[in-house]
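Undergrad: Model the full assembly from the supplied sequences, consistent with the hints where possible.
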Amino acid sequence: MSWLRDFEAELSARGVRPAVRERLLAELADHIACEGGAQVADPSARLGVPREIARQYADELAADDARHGAFAAFAALACAAVALVVSQTTLGRFVGYPGFDRGFSVALSLPATLAIVVGPQVAVIAGTLAAWRAIRRRRAPVLAGAEIALVRRRARVGLVAGVVTMAGLLLYTADFIGVAPAWWIALSGGLAGAALVALFAARQTLDQGARTVVFASGPPGDLFDDIPPLRRLRAHPLVLCLSAALTSGTVVTLAEWHAERSLAEGLQRGIFEAVALSVGFALLGRAIGARR
Amino acid sequence: MRAEALKGHLDGLILATLASGPAHGYAIAQLLRDRSDGAFDLPEGTLYPALHRLERAGLVTSEWSTQAGRRRRTYMLTRSGGGALRERRHEWRLFASAVEAVLT
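First to last, the sequence lines map onto chains C and V. Position 154, counted from 1, in the first sequence is what my numbering calls 154; the numbers after and before it change by one each time, with no gaps. Position 93, counted from 1, in the second sequence is what my numbering calls 93; the numbers after and before it change by one each time, with no gaps.
In case anyone wonders, no lab produced these hints; they're calculated from the structure. The structure presented is a predicted model; accordingly, all values stated were derived computationally and were not measured. You can trust all of the hints, since none of them are fake.
Have a look at the derived ranges for each label pair, beta carbon to beta carbon:
| # | chain 1 | residue 1 | chain 2 | residue 2 | range |
| --- | --- | --- | --- | --- | --- |
| 1 | V | Ser97 | C | Ala149 | 38 to 46 Å |
| 2 | V | Pro43 | C | Arg23 | 16 to 24 Å |
| 3 | V | Leu103 | C | Gln121 | 52 to 60 Å |
| 4 | V | Gly82 | C | Val117 | 43 to 51 Å |
| 5 | V | Leu103 | C | Ala45 | 26 to 34 Å |
| 6 | V | Thr61 | C | Ala45 | 29 to 37 Å |
| 7 | V | Gly82 | C | Ala78 | 29 to 37 Å |
Beta carbons: idealized from backbone N, C-alpha and C, even for Gly.
TA: Structure (structure tokens):
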């Protein structure tokens with residue numbers, strides 16, 4: 001049946017994955033057989049134009065896949081967050097935080113600490129923005145190709161940051177094998193390993209349908225569409241960056257001052273936080289739609 | 001009736017068709033045509049993207065069966081599909097009565 005062959009070719013050209021393609025073709029083959037198979041005079045008049053149906057199908061599938069991928073990424077990042085919080089809370093409460101110099105090597109503890117301090121912040125921001133866009137646009141049957149790319153990019157950045165965080169947690173755990181009790185090593189290492197599995201599974205989900213060619217065009221939208229109160233700052237990304245850095249730096253300074261009972265310690269961490277946020281904004285701002 | 005006129009209503013119409021029982025794509029197309037006295041004579045290939053979309057949204061579910069040696073996918077309304085149909089019926093009544101009030 002040439003209509004089916006044309007339709008299959010159009011679906012293939014739009015990168016619709018084989019399992020979905022086969023199901024759709026089997027259903028349409030049954031439909032055509034119900035109508036009398038080859039006796040149908042003009043299949044395109046009866047069934048529609050293969051190119052248009054394939055295009056519509058690919059656009060809708062890509063939008064659903066991107067939303068699904070964003071939710072999967074957010075769920076996996078939530079698992080990673082639980083792993084980090086449980087690991088650090090149990091360490092602080094039952095063992096006590098070992099100093100940098102107590103582990104095997106500072107060469108291990110320093111990058112590990114950096115990863116578990118910076119990674120979660122990138123993961124939270126990118127993962128939340130991906131999920132938030134997917135929620136905001138949940139009723140739209142079709143999303144523009146650029147918008148789908150933005151959702152995917154945010155989710156991917158979040159997942160990479162999640163993997164970096166969990167790798168850092170594993171490193172951190174390994175660094176204190178000789179210091180911390182075995183139960184904590186097993187708990188922390190097990191949780192980090194499980195979270196890594198969840199993150200890689202989410203990556204698989206996100207990659208599903210990544211090859212689908214989207215025809216729908218339009219702007220990708222940005223952070224300011226997602227958070228309307230920030231719209232006034234759209235033309236002033238530097239002001240946005242400095243405000244965010246100042247706010248987070250101040251919050252961290254006050255929190256650490258209170259926790260460590262040392263203003264100098266608080267200032268040191270607050271300044272690090274502000275600098276890290278500014279660097280993150282410069283490096284990843286465009287990728288997650290926070291600046292143009 | 002042109003296919004464009006059905007845009008935005010097709011999902012609701014499919015859900016309403018499935019409310020009377022499970023059906024496969026061809027049967028749904030026939031039911032749509034019959035119940036509308038031939039007015040809803042849309043390109044039938046467009047039904048399948050809509051059915052798959054409804055399934056991904058959890059409003060319908062489906063399963064394979066074999067009929068006369070052919071694989072056939074039969075669709076059924078889910079509980080949330082039933083809820084969505086009630087919502088769409090309510091919205092349609094409001095919309096239709098508002099249009100009626102303005103036009104007549």
